[in-house]
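Asker: Sequence:
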Amino acid sequence: MIISLPIADRPRSYVFYQEALDLKPVGEELDEDGIPEPLQFALADGVNLMLIPTGGFGWVLGDQPAAPPGQSECILSLHVESTDAVNALVAKAVAAGAVQVTAPTRKPWAYLATFTDPDGHLWMVETA
1 MIISLPIADR PRSYVFYQEA LDLKPVGEEL DEDGIPEPLQ FALADGVNLM
51 LIPTGGFGWV LGDQPAAPPG QSECILSLHV ESTDAVNALV AKAVAAGAVQ
101 VTAPTRKPWA YLATFTDPDG HLWMVETA
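The UniProt record's numbering numbers the first residue of the sequence shown as 1 and each following residue consecutively.
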């Protein structure tokens, strides 16, 4: 399975996903910018995140419009082991360029926080 997201800036996204979420790039074929092409990160066994420049993403969508900036069509969620891990990951993401949307808080179903990556994609970090 591959989850694909549009991005505006390959180098910025390449650095962000490594620094903010400790994701490892997949692939050894480097583009002329020195970044793997296609730009993918392993999320889990058999699941990758692929980041596609906006122009290429539009080509794949055809006539189907992409969500405009600031509008989320999905929430990408990460489960971590503790409330301290939620707090630490959100702080690390913000330091790497994320925008915090909701501060870490306890809800009836989980302890969670949300942030957007540099392209505005919404991420939720949660623990029981």
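Fair warning: there could be bad hints in the mix.
[To be verified] In the SDA-like style, the derived pairs of lysine to any residue whose C-alpha atoms are separated by at most 25 Å in a straight line are: (1) 92 with 103; (2) 24 with 36; (3) 24 with 63; (4) 24 with 37; (5) 92 with 43.
For the record, the hints were derived by calculation from the structure and aren't laboratory data.
Asker: Are the hints correct? Go through all of them and say.
Answerer: We went through each hint and held it up to the structure:
{"no.": "1", "hint": "92 with 103", "in the structure": "13 Å, holds"}
{"no.": "2", "hint": "24 with 36", "in the structure": "11 Å, holds"}
{"no.": "3", "hint": "24 with 63", "in the structure": "33 Å, violated"}
{"no.": "4", "hint": "24 with 37", "in the structure": "14 Å, holds"}
{"no.": "5", "hint": "92 with 43", "in the structure": "18 Å, holds"}
Violated hint: 3 only; the structure is consistent with all others.
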